[in-house]
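Novice: Top line first, the protein sequences correspond to chains A and B.
Read in UniProt numbering, the first sequence has 84 at position 84, and its numbers run on one by one without any break.
Read in UniProt numbering, the second sequence has 137 at position 137, and its numbers run on one by one without any break.
Any given hint could be a false lead.
To spell it out: a stretch of chain B is covered by chain A in this simulated footprint if at least three of its residues, at any positions, have a beta carbon under 8 Å from a beta carbon of chain A; those stretches are [unchecked claim]:
1) 7 to 19
2) 41 to 55
3) 267 to 273
4) 279 to 288
5) 307 to 316
6) 357 to 370
In short, the hints are calculated from the structure, not lab data.
The beta-carbon is built from N, C-alpha and C at its ideal position, and this holds for glycine as well.
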Amino acid sequence: MESSSASQEQNEVQTNLPSSVVRPVSRTGAPNNNHNNSNSNMVMGKHRLAAAIAALNQQIHIIQEELDQLDSCGEASLVCRELVSSVELIPDALLPVTRGPINVHLDRWFHGANDSRRNKRWI
Amino acid sequence: MSVAELKERHMAATQTVNDLREKLKQKRLQLLDTDVAGYARSQGKTPVTFGPTDLVCCRILQGHTGKVYSLDWTPEKNRIVSASQDGRLIVWNALTSQKTHAIKLPCAWVMTCAFSPSGQSVACGGLDSACSIFNLNSPIDKDGNHPVSRMLSGHKGYVSSCQYVPDEDTHLITSSGDQTCVLWDITTGLRTSVFGGEFQSGHTADVLSVSISSSSPRLFVSGSCDTTARLWDTRVASRAQRTFHGHEGDVNTVKFFPDGNRFGTGSDDGTCRLFDIRTGHQLQVYYQPHGDSDIPHVTSMAFSISGRLLFVGYSNADCYVWDTLLAKVVLNLGAVQNSHEGRISCLGLSADGSALCTGSWDTNLKIWAFGGHRSVI
């Protein structure tokens with residue numbers, strides 16, 4: 001559907017993208033209607049290049065910011081400690097051993113035919 | 001400036017981006033002194049252990065005549081909406097297994113559905129590139145169909161995922177094959193913000209999934225075929241707050257961790273990963289090697305209410321239950337009694353954390369809950 005020169009220009013604009021990125025995905029196997037704006041006029045070549053360069057310069061700025069932030073970021077172990085502590089504080093009805101309280105209503109899936117109390121042991 | 005000069009500048013800028021990304025990757029590696037499992041083991045934590053009758057299938061929701069693609073619970077505990085290849089949304093009372101609504105869709109190619117926070121509306125989207133809203137209290141029309149109360153049009157590609165903003169029936173976020181996410185005002189049907197797009201410092205391929213933080217609803221994450229996940233602030237549409245690299249395939253699913261400071265991702269590369277939103281660190285990789293040459297893709301994921309368990313659906317019909325702290329598979333719901341007979345395409349936890357719902361290509365939904373002996377400390 002694209003002319004070869006427009007396709008070539010599109011590829012040149014997107015040289016930094018892996019080939020998988022330009023592959024549209026159809027999750028259901030049905031016809032894909034993902035319209036690609038880069039099928040537009042060849043006369044937009046210079047403008048599109050300039051826009052692509054501006055976007056790359058913005059990316060450079062963003063990555064540089066992130067590099068600077070890492071200087072004061074702290075190591076992963078600090079985050080892991082916080083994560084482990086927070087997980088263990090929260091009651092969880094799907095765990096065999098958990099912090100309380102556990103509301104009996106959380107076991108409503110087994111009410112009716114079963115006595116809801118006989119399957120639980122309280123410490 | 002000539003085209004040739006512009007092309008040269010483009011190449012130079014591309015090289016700079018690649019060099020900086022490599023530098024960033026190396027600097028991050030230096031800060032990864034441990035992962036979650038390494039730290040948890042050092043603290044003497046032991047894996048969760050389930051008995052054979054602990055996590056059981058307690059309901060089977062039958063009614064769809066095609067593959068189930070998506071499901072969502074209401075905040076008020078017991079209702080689920082599901083979307084299927086049969087071109088219908090079904091609203092279920094999961095406790096009684098009864099269907100309360102069966103909505104025939106104007107476009108049968110549906111990929112995603114969501115329940116509004118109030119439980120009064122449902123949304124869906126798919127290959128029609130639009131998100132349709134249905135008010136569950138509206139009467140059906142003379143043809144017996146549920147009318148669309150609002151159509152959110154504007155995406156230039158399929159709608160892969162949608163989620164209502166917590167506590168707001170009037171706003172939802174969609175992800176799309178047009179490489180963008182959009183925040184919609186349902187009252188007007190207009191786009192409030194567009195996140196990404198060509199040359200907008202967003203995703204560079206189809207976006208497949210979104211997850212909104214329940215503790216900070218202005219924050220959401222998106223996952224894409226460009227192998228990254230991105231964190232967005234709805235107040236700043238011009239650029240992502242952070243981009244998370246690491247996956248080697250499409251990121252099919254993203255889900256915020258219950259504490260709101262982390263999120264999980266699942267990918268075609270067969271792994272799930274846990275990222276920290278404040279530091280950007282990749283905290284953990286969840287991967288179980290297989291003997292087969294084909295690595296099963298991750299299709300769906302959900303955390304238990306504490307975050308201790310991570311439920312993951314795969315393309316080979318497995319449904320692993322991971323201990324998120326020890327990075328160990330503690331159960332496979334795809335291999336137990338009453339397991340699904342096909343791929344698990346979607347799963348979600350009830351709002352109170354008491355049950356997991358799985359949806360499958362075998363056309364059924366199943367509810368799983370803890371039916372064994374629980375020790376409460």
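Novice: If a hint holds in the structure, say so; if it does not, say that too.
Specialist: Tested hints:
Counting residues of the segment 7 to 19 of chain B whose C-beta sits closer than 8 Å to any C-beta of chain A gives 9, which meets the bar of three, so the coverage hint holds. Counting residues of the segment 41 to 55 of chain B whose CB lies closer than 8 Å to any CB of chain A gives 8, so the stated coverage by that chain holds, three being the minimum. Note: the segment 267 to 273 of chain B has 0 residues with beta-carbon separation from chain A under 8 Å; the three-residue rule is not met and the coverage is violated. Evaluation of the coverage hint for the segment 279 to 288 of chain B: fulfilled, as 4 residues show C-beta separations to chain A shorter than 8 Å, against a requirement of three.
Proximity of the segment 307 to 316 of chain B to chain A, defined as three or more residues with a beta carbon under 8 Å from a beta carbon of that chain, is established by the 3 residues found. Requiring three or more residues with a Cβ within less than 8 Å of a Cβ of chain A, the coverage given for the segment 357 to 370 of chain B holds, as 3 such residues are present.
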